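J.: Each chain, written out:
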Amino acid sequence: MPAIPSHVPEPSRTDPALIRNFCIIAHIDHGKSTLADRMLQLTGVVEQRQMRAQYLDRMDIERERGITIKSQAVRLPWAPTQEPGNTHILNMIDTPGHVDFTYEVSRSLAACEGTVLLVDAAQGIEAQTLANLYLAMENDLTIIPVLNKIDLPAAQPEKFAEELANLVGCDPDDVLKVSAKTGLGVEALLDKVVAEIPAPVGIKDAPARAMIFDSVYDSYRGVVTYVRVVDGQLNKRERIRMMSTGATHELLEIGTNSPEMLGADGLGVGEVGYLITGVKDVRQSKVGDTITSLSKGATEPLGGYKDPKPMVFSGLYPLDGSDYPELRDALDKLQLNDAALVYEPETSAALGFGFRVGFLGLLHLDVVRERLEREFGLDLIATAPNVVYRVVMEDDTEHTVTNPSEFPEGKINEVYEPVVRATILAPSEFIGSIMELCQTRRGTLLGMDYLSEDRVEIRYTLPLAEIVFDFFDQLKSKTRGYASLDYEPTGEQTSSLVKVDILLHGDKVDAFSAITHRDQAYAYGVRLVAKLKELIPRQAFEVPVQAAIGSRVIARETIRAIRKDVLAKCYGGDISRKRKLLEKQKEGKKRMKMVGSVEVPQEAFIAVLSSDDGGGSGKGKK
Amino acid sequence: MERMPSALPDGEPVPDDGALPAHALTGAADRPLGFYLHVPYCATRCGYCDFNTYTATELRGTGGVLASRENYAETLIDEIRLARKVLGDDPRPVRTVFVGGGTPTLLPAGDLVRMLGAIRDEFGLADDAEVTTEANPESVDPAYLDALRAGGFNRISFGMQSARQHVLRVLDRTHTPGRPERCVAEARSAGFEHVNLDLIYGTPGESDDDWRASLDAAIGAGPDHVSAYALIVEEGTQLARRIRRGEVPMTDDDVHADRYLIADETLSAAGYSWYEVSNWATSAAGRCLHNELYWRGADWWGAGPGAHSHVGGVRWWNVKHPGAYAAALAAGRSPGAGREVLAEEDRRVERILLELRLREGCPLSLLRDEGLKASRRALEEGLLEGEPYEEGKAVLTLRGRLLADAVVRDLVD
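From first to last, the protein sequence lines stand for chains A and B. With the first letter of the first sequence counted as 1, position 102 gets the number 102 in the working numbering; the numbers rise by one all the way through. Basically the working numbering = 1-based index in the second sequence + 622.
Do not take every clue at face value.
List time: in silico SDA-like cross-link candidates among lysine to any residue, alpha-carbon distance up to 20 Å [said to hold, decoys possible]:
id : chain 1 : residue 1 : chain 2 : residue 2
1  : A       : K177      : A       : I203
2  : A       : K590      : B       : D1032
3  : B       : K995      : A       : S597
4  : A       : K569      : B       : R918
5  : A       : K589      : B       : R918
6  : A       : K569      : B       : A996
7  : A       : K586      : B       : A996
8  : B       : K995      : B       : D1032
9  : A       : K580      : B       : P631
If you want the ones that stay clear, here's a sample from chain A, every Cβ over 12 Å from chain B, calculated [to be verified]:
id : residue
10 : R13
11 : N86
12 : K177
13 : A195
14 : P301
15 : D396
16 : Y450
17 : P544
18 : Q585
No wet-lab data here; the hints were simulated from the structure. Keep in mind that this is a model prediction, so the values were computed, not measured. Even glycine gets a Cβ: it sits at the ideal position worked out from N, Cα and C.
Extracted from the complex, chain A is given alone in its bound form (with noise of 0.2 Å):
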């Protein structure tokens, strides 16, 4: 391990020509955390006693699912083995890894020059990672190819060498070999990002204009906003403006992270660091905007700021209505960490109070319910995943539909649902199902394009609703699990889509209300009739159970009426006992929701709403 570099440049006095900003782009699994981990010691910052593996994820939720979700930048000073005591600052950005973030994959990526493509020399490249380069090579971020976990008996790390090296135009040969894990080149890595990767441009003495890529929550120290600085300075105590907002902030601190939050002076040209105002939520410091100072500031925005746009809506009920207050307050806290998040209350007749939740994708849905559950300690019910409509109706009225309960009565002319455009990647040899697959959920091809001999990109249209449904999990089926996905939206789309209700005795239940395309809503009303008959228990009366479209019944069971439920002995030593069944039963009563006259047992929501065909999203939980 070499010595940690002296005469380390301090923050706002670093020469832009020392800097190197670079990200990790990288698969889930793939070893991006690992990797960050060997750098930290590499590079001095994090004393080897405090070492722990994934060091930067910082959440438990991350750390368990290995995934990232919020990124952070961390600044290593690295003396090039070659030049000793010309130490350079490298600022890794960590970004998001998975498709719900793009947006916000996009800033981390924008923020820097050169990023690492890293990629598990035993399973080559995959969808996310592929979309990530794409969005990399569209920046002109200059990219550095390596191959992880070359250590790994699997390994085989001329093929992929091969297939990196055709994606990025180089010799298969620059292709770094490494393992995160043991530390194996990674010291020629850090060298190479030196070399490679262009030193920040900017203009020294310009009007102040940072951007931001990324805004945490931190319960002690409010909204910590992680920016690059592109022109001129920003200095601690200074009044700044949010330029989308025109709000405007004390900063109240300014520093870098090495790894953990260091005041500063400041941060100059190139730098990148975190700023701290004292606001309590991060939609008052969004993902993208530019920060100049209040005097003498900026004039003109840095490009690409987008708000964020829920892609995918979810009802979030309590499963004891009791819990709502606690319910709404998880939420709202939950928003001053992610500004993605957006919900509205919403009322249904079968689940009770609750709110409609929008979402940028399912993995954002996992996330955000499983953090209610486990960190706030709430039981939920949640509606199978839906998109947004716009239904435009014969007398040219529009409605935008996000609970499928809403759609609209009467003479509609036409239903838009949005579009993806998918990318695939998979061994050739699944080339077929993956068609098949896609055909069946109404997509279009768009290409296809060998990345090596035995490995093939897919591209096609696929309408969001069909992805948000079970998607994933058939195509990991259906390619023993060698498949990836990623998706962007590109638009919308006509469709001739329906609403399909589900009546119980003839009343209709919200929740399971359902908009599909008109040729799969039998399929849909068979299978969801047939699973109700078997988890709504007998009831005093006959209870037919139909699917329909408007008025008219598509599928129909009946639930026979119970005609026995009576005890047959009833004696002495009887009684405490079938008093004690009754307030079992009482109780058990309590937890079944009526919908209409008919008892349904909340299991039956919860099975119905959580199962893989009602809006699974490929994790498998409860």
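For this one, chain A is given, so just place chain B on it according to the hints.
T.: Just chain B now, with coordinates in the frame of chain A:
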């Protein structure tokens, strides 16, 4: 032979001397007092039985106290004497005695008679006392029956279960078809005024016709009382294991409902009318008065291992194991394992759940507003009879009897 479930409830401890809270005896004079005597022995355990019974003839308790069939009557008489002490100067003569099990007739008739004698000595028997024993068709003969009748028993209940060999085999019953019917005749000749036959329906493999044949055979034997029970497959029994392994099919609830309707139709046509969900009698005199004490919240003392007692809103139950039971009595302690003092609401709920099962029904005055609303719905749905309802009684219709537990759940609100 199956009057006592094996699992005991949770409760507070019973004092060593078995003393009752003072309020338990308030107003006792107005309530009848009955005795249940449990005999926890069987020759073999039946596959469907989860009752507190043992096939061993000797069971060792703590401190080496031996509980055996031979000295069982003496042990039980110890508890009758304890009852006398606990009830103090309660002047009531005993109105009913019921010996159940287990298989009481595994004991010599003299033992049963001596146990009854102890009650007579300690409490006195009312002039018109009903004294019943359960009996296994294979373990009695005319001499045995004569001895019981001479000793003061006037009612006998035979476990017939079914007239079909293949059904009896699934139930592990060892008697041959026809034997229970002959037992009725033998009991009549011995001078028993009241005879009951117990039947079970819904045994795996039983058909509607098998069930009709059993009912016809029972009716043909001429008892004045018939009990018919749906077979309950209790967890932990041999039968439950056989069903789980797929060796015998589980009976569907709808089949039970059909069999019940067949039973009520057949028995009614033969002159037996229902007076409790599972009990039919030819006349008011043919009813089992002892069971009616349970259903009407009277006082009864249950003696024997695992037996339950109820006096003035205090319910307690004895330790289950015959060895532990004998050891407690040998040490001069109450064999009570636990008890509960019923709150007013508990008693209200119990009254509803018990009285609703009776032909006389449950007074609507026991119901609160929600319960009354529910009773009106039940009336509209045809689960309660119209005429008695007008007179302030909730009385189940035939269909209502099959859904009695569901109706109770709504009425107690």
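J.: Hints first: check each against the structure and report whether it holds.
T.: Hint check:
1. A/K177 with A/I203: 37 Å, violated
2. A/K590 with B/D1032: Given that 20 Å is the threshold and the Cα spacing comes to 12 Å, the pair holds.
3. B/K995 with A/S597: Holds. B/K995 to A/S597 sits at ~15 Å (cutoff 20 Å).
4. A/K569 with B/R918: Distance ~15 Å between A/K569 and B/R918 Cα, so the pair holds.
5. A/K589 with B/R918: 27 Å, violated
6. A/K569 with B/A996: 24 Å, violated
7. A/K586 with B/A996: 14 Å, holds
8. B/K995 with B/D1032: 9 Å, holds
9. A/K580 with B/P631: 9 Å, holds
10. R13: 75 Å, holds
11. N86: Non-interface label stands for A/N86: nearest chain B Cβ at 77 Å, farther than 12 Å.
12. K177: 58 Å, holds
13. A195: 71 Å, holds
14. P301: 64 Å, holds
15. D396: 49 Å, holds
16. Y450: 53 Å, holds
17. P544: 17 Å, holds
18. Q585: 6 Å, violated
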